[in-house]
Amino acid sequence: MIHSLFLINSSGDIFLEKHWKSVVSRSVCDYFFEAQERATEAENVPPVIPTPHHYLLNVYRHKIFFVAVIQTEVPPLFVIEFLHRVVDTFQDYFGVCSEPVIKDNVVVVYEVLEEMLDNGFPLATESNILKELIKPPTILRTVVNTITGSTNVGDQLPTGQLSVVPWRRTGVKYTNNEAYFDVIEEIDAIIDKSGSTITAEIQGVIDACVKLTGMPDLTLSFMNPRLLDDVSFHPCVRFKRWESERILSFIPPDGNFRLLSYHVSAQNLVAIPVYVKHNISFRDSSSLGRFEITVGPKQTMGKTIEGVTVTSQMPKGVLNMSLTPSQGTHTFDPVTKMLSWDVGKINPQKLPSLKGTMSLQAGASKPDENPTINLQFKIQQLAISGLKVNRLDMYGEKYKPFKGIKYMTKAGKFQVRT
Amino acid sequence: MSAAPAYSEDKGGSAGPGEPEYGHDPASGGIFSSDYKRHDDLKEMLDTNKDSLKLEAMKRIVAMIARGKNASDLFPAVVKNVACKNIEVKKLVYVYLVRYAEEQQDLALLSISTFQRGLKDPNQLIRASALRVLSSIRVPIIVPIMMLAIKEAASDMSPYVRKTAAHAIPKLYSLDSDQKDQLIEVIEKLLADKTTLVAGSVVMAFEEVCPERIDLIHKNYRKLCNLLIDVEEWGQVVIISMLTRYARTQFLSPTQNESLLEENAEKAFYGSEEDEAKGAGSEDAAASALPARKPYVMDPDHRLLLRNTKPLLQSRSAAVVMAVAQLYFHLAPKAEVGVIAKALVRLLRSHSEVQYVVLQNVATMSIKRRGMFEPYLKSFYIRSTDPTQIKILKLEVLTNLANETNIPTVLREFQTYIRSMDKDFVAATIQAIGRCATNIGRVRDTCLNGLVQLLSNRDELVVAESVVVIKKLLQMQPAQHGEIIKHLAKLTDNIQVPMARASILWLIGEYCEHVPRIAPDVLRKMAKSFTAEEDIVKLQIINLAAKLYLTNSKQTKLLTQYVLSLAKYDQNYDIRDRARFTRQLIVPSEQGGALSRHAKKLFLAPKPAPVLESSFKDRDHFQLGSLSHLLNAKATGYQELPDWPEEAPDPSVRNVEVPEWTKCSNREKRKEKEKPFYSDSEGESGPTESADSEPESESESDSKSSSESGSGDSSSESENEDQDEDEEKVRGSESEQSEEDVEKRKTKKKKVPEGKGEASSSDEGSDSSSSSSESEMTSESEEEQLEPASWRRKTPPSSKSAPAAKEISLLDLEDFTPPSVQPVSPPAIVSTSLAADLEGLTLTDSTLVPSLLSPVSGVGRQELLHRVAGEGLAVDYTFSRQPFSGDPHMVSVHIHFSNSSDTPIKGLHLGTSKLPAGISIQEFPEIAPRPDSSTSPFSHLLGS
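Just so you know, the sequences run in chain order A and B.
Under the UniProt record's numbering, the first sequence has 12 at position 12, and the numbering climbs by one with no breaks.
Under the UniProt record's numbering, the second sequence has 135 at position 135, and the numbering climbs by one with no breaks.
Hint data in this document are derived by calculation from the structure and do not stem from the laboratory.
A couple of the hints might just be wrong.
[Stated by the list, open to error] Using 27 Å as the maximum straight-line C-alpha spacing, the simulated BS3-like pairs for lysine-lysine come out as follows:
1. A/LYS193 <-> B/LYS423
2. B/LYS528 <-> B/LYS471
3. A/LYS298 <-> A/LYS277
4. A/LYS298 <-> B/LYS378
5. A/LYS378 <-> B/LYS378
[As the list claims (entries may be wrong)] Far from chain B by the CB rule (all over 12 Å, computed), these chain A residues:
6. MET1
7. GLU43
8. TYR93
9. THR175
10. LYS211
11. GLY302
12. GLY344
13. PRO401
[What the hints assert, rightly or not] Chain B residues, not near chain A, derived (Cβ > 10 Å throughout):
14. ARG67
15. GLU232
16. ASN655
Note that the structure is a prediction, hence the values are computed from the model and not measured.
Glycine included, every Cβ here is placed at the ideal spot set by N, Cα and C.
Take the sequences, apply the hints, and build the full model.
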């Protein structure tokens with residue numbers, strides 16, 4: 001299946017290569033560079049590039065291209081999903097996944113890659129199994145290893161590999177037993193010129209951080225499970241139980257994991273917590289344009305909106321902008337034509353606004369498009385869909401865990417057309 | 001290279017003066033010496049006795065490999081360390097070996113004996129990794145050794161080693177394809193493996209080595225379907241895609257009778273979506289309703305596949321969701337395909353690469369099954385932040401989804417897109433508008449008008465694209481659009497983009513008979529400005545002149561001659577050539593008469609209207625989700641998706657001998673219970689209920705693994721031999737299917753239950769489950785009588801059965817202590833414990849006829865009453881987990897009675913039961929005593 005993997009940085013250097021079958025010359029990447037050149041932007045590089053003898057499948061994350069070389073028919077998503085899993089694993093191991101970090105830990109990276117694929121077919125991709133096989137580097141362990149000469153490599157088959165709960169290892173011990181759940185909802189919306197909602201959806205996830213001793217069996221129930229329109233689970237969740245009772249029952253993996261992601265459909269009315277008033281106009285005659293936006297709260301259920309950022313890609317004809325914000329800071333990059341305004345909190349008494357003029361290219365006619373405004377914001381302690389966790393119970397272990405739940409609403413792909 | 005300092009940490013303090021990182025350019029002479037020095041340094045480190053130094057050296061070597069540097073000259077020094085005690089050194093040596101063994105085959109042979117020793121190691125991880133490396137080093141000379149090692153590992157007791165063996169198969173095959181026959185034998189053996197760990201890998205090997213040997217799948221088909229949900233994600237993808245092909249060869253097309261009911265199917269689709277929310281129960285109902293409407297009856301195995309893959313739409317892995325989606329698209333009846341839409345739309349939230357692949361597939365699906373994605377139209381709306389390639393794919397989907405009702409919204413969206421900054425995307429939008437206009441007659445005029453307005457856009461790309469699209473639209477029905485051509489003609493005064501001017505002139509020329517009064521005037525204006533025009537426009541002016549001369553020579557003769565004369569002296573030779581050529585053609589002269597007679601036909605031949613259709617049309621002959629589909633070209637190794645067979649092949653080939661089938665249902669059942677999680681994690685030696693964690697017993701006796709009770713497992717070693725014998729008995733008796741025969745077997749004090757009146761093929765399951773568990777009892781004690789009974793009970797899938805199962809074993813110890821000669825009445829048990837399972841279910845009064853009961857497929861057994869506690873009477877029960885044909889609200893429970901005491905048991909009947917509200921039990925007639933000690937199952941119903 002997956003023949004080789006090349007890691008390429010944004011300046012086009014291949015800084016790591018790994019082969020699982022016979023060696024594929026790195027010159028195969030020339031086809032990739034060609035495609036990259038044609039695409040001009042990294043995000044437009046086609047994920048699948050056919051070459052005379054190979055197919056190159058790539059993903060772009062953290063400014064690194066992960067290029068997998070395959071030779072025969074294989075579902076493309078299989079490879080893409082795997083590459084993303086590789087990135088996630090690196091992130092899990094090293095905290096961040098970046099070129100310097102990978103270079104610093106090249107041996108561990110190589111060992112991990114070796115375990116993840118055998119002859120191109122995934123072997124161990126569960127992070128907890130991998131961590132038993134190859135322990136993630138920590139400063140303490142590096143010191144201890146240098147002194148004692150012990151290794152980072154486990155010599156026993158990870159227990160998870162054989163059990164029906166491959167995501168959890170045995171013998172987990174904590175002094176403080178705690179389980180935290182974060183319900184995070186993102187609003188994807190497109191708002192049209194006049195302020196009416198064209199489409200709005202809520203995508204939610206429940207991220208968990210579970211540090212519990214032994215083999216706890218948890219059940220999580222909701223006050224209003226009917227809200228969830230479409231769900232996808234971590235493999236630990238017992239599907240049958242959800243089907244029949246709408247209860248999440250699972251033996252959790254150790255540490256951080258995504259328990260559930262869900263979707264609240266567009267059919268339900270979605271409360272839009274912010275509005276944007278905008279007045280952006282170009283005039284044919286003058287080389288100046290007017291620019292004014294105001295952000296205000298709407299349907300926030302009494303919560304404050306924080307972390308508001310406004311970004312907008314201005315038309316090419318805009319040379320510069322001279323703007324004054326009523327709060328926060330703003331920047332305009334005359335090269336990329338990207339305007340960003342870091343607003344911060346919205347105070348309903350004094351709505352933040354950004355006003356000023358744009359200087360346009362002299363002589364050129366006015367741009368025919370108005371820029372779209374992208375919005376980011378956060379609302380703490382609120383799940384905008386109204387989803388509420390009812391209770392969390394633990395079975396199978398004697399101790400009493402500390403439980404916590406947090407709600408948050410964020411903007412996902414929130415776009416205002418002007 | 002800036003990479004060098006990054007590795008300093010790996011090098012640690014040991015990086016000496018012969019620091020290797022300087023040698024970057026192998027071409028220069030000085031570098032060679034430093035290379036030499038470097039390797040000297042590393043060799044020295046590898047030769048020491050200190051593990052830490054060796055490790056250091058290996059780390060540096062691996063770092064070199066990772067950067068793509070050649071480290072092959074270290075081979076002899078490295079290979080010596082293959083037997084190193086330090087596990088990390090060993091692993092890194094393995095990495096090195098796998099990389100370079102192919103280049104240094106002779107030296108690589110030195111390491112083989114170490115691996116052979118490793119294959120016998122008591123530690124399964126070491127066995128597995130020895131096999132991994134041995135099979136990865138690609139040295140053809142060791143093929144026989146590999147073959148031997150694979151065969152041995154295929155029957156290893158550790159499933160992990162067996163999995164590694166499965167991985168090794170394609171490696172060996174790619175090294176030496178002559179081994180195919182032997183490898184197929186190993187694959188066949190591993191396919192029969194019952195652990196989820198192996199399943200994915202062996203199917204992978206099957207796909208690479210012998211995808212054409214579909215016959216190997218028959219016996220394992222049901223097992224694979226049932227195991228599927230527990231297999232790891234990567235295995236699921238491979239298995240699902242293989243099963244899709246399998247199903248295409250083995251089952252009949254579910255859509256064959258649907259073509260007439262097209263409309264109905266479209267409507268039913270909406271219904272099925274609601275069903276999905278309600279869960280599996282209603283899905284079954286929907287499924288059973290389906291055959292009633294049509295003469296086509298779905299093969300139960302076909303249904304099994306659809307049912308067992310459906311939950312995987314909820315997987316977190318995009319690859320699995322896509323695999324299930326393509327399975328449904330290719331295999332499910334029309335009415336059921338709709339369920340995949342929601343899951344696919346969900347994937348659109350994922351990474352952009354995932355979006356790209358999913359959208360490609362959605363585009364293909366949306367052509368065939370438009371209704372499926374219509375409710376999700378808005379999910380395909382485009383954001384300005386999407387990458388261009390995603391935008392264009394979304395546009396494709398939007399265009400495919402546009403119909404009479406939603407076209408206004410779609411067009412309004414398109415209107416915003418046209419003002420985007422991304423010009424490629426704008427061009428694609430214009431094309432899309434053109435397609436909407438051709439597909440939906442109602443909006444054609446609106447679209448045309450919109451496009452005409454776009455002609456005044458400043459962007460050349462936009463104008464050119466609009467003109468091209470307008471041209472195509474007008475070509476379809478020019479008669480009705482004289483007005484627009486007139487409008488275009490007027491635009492010639494304003495539009496400066498040469499491409500657009502050229503296109504307009506072509507249009508006027510082509511349809512000059514629709515604008516007889518305007519055309520000559522346009523030509524007049526053009527003749528005036530001829531010298532100032534761009535080349536392409538000039539060419540079109542000549543074209544227009546020629547066409548007008550042929551249709552309306554009276555008015556345009558002079559103009560044409562004027563234009564041709566101008567062109568004759570043009571700077572561009574193309575234009576001069578064209579002018580000369582045209583003149584010869586249209587102006588009759590003495591010599592060239594032959595061609596000029598046909599000039600009209602040459603110039604004014606009807607041109608076929610271009611067809612505006614999706615580039616995704618007909619892509620569905622490639623299996624969706626495949627690489628070939630994405631590229632729209634056959635990729636190497638692509639397996640065609642076969643057409644449905646005309647006649648269904650014999651379904652009985654999938655019938656399996658007892659133990660396997662029983663086993664997999666055990667698994668299915670186990671899924672519901674909480675218990676196995678604990679027991680399994682205790683490791684191989686602990687008492688377990690599944691074969692997964694019990695490779696020893698499994699490899700020795702299949703029947704062993706089918707017995708689920710804990711007591712049996714603990715004494716597994718001693719029982720195995722007996723059971724092997726038992727198993728043979730069971731198989732033999734099954735084929736005979738008669739009670740008398742069973743009597744004869746009493747020599748061994750074994751009774752084999754027979755399904756009375758349940759002789760259908762799927763019946764084997766129930767027989768086997770009872771027989772295997774009985775044989776277990778036999779090995780423990782003598783018994784004179786066995787009376788397996790089967791009951792049925794129906795309940796919606798409920799996990800409550802799990803705690804109940806535990807409860808029962810407690811209950812029977814407490815409740816049934818007093819020894820009584822009379823048999824314990826089973827109803828009491830039912831009312832106390834089973835009833836707990838049935839809470840919340842509704843009452844029914846339907847009487848039961850045993851014949852109504854459909855045969856029970858194998859299911860794991862739970863102990864209800866132990867033989868010791870019941871004074872010789874043992875009672876087991878199983879949930880058959882099949883719908884009860886008599887009443888959809890009921891579930892069937894099979895209860896097996898076996899009497900191991902001397903006294904015959906009389907009067908088995910259902911006592912008064914105290915049931916919680918909402919639960920009912922179907923009565924069954926008293927069971928007659930069985931003095932002949934033969935066995936007879938009887939079926940009864942427990943309702944709900």
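Original post:
Looking back at the hints listed earlier, which ones does the structure fail to meet?
Top reply: Going through the list in order, the structure violates hints 6, 7, 14, 15 and respects the others.
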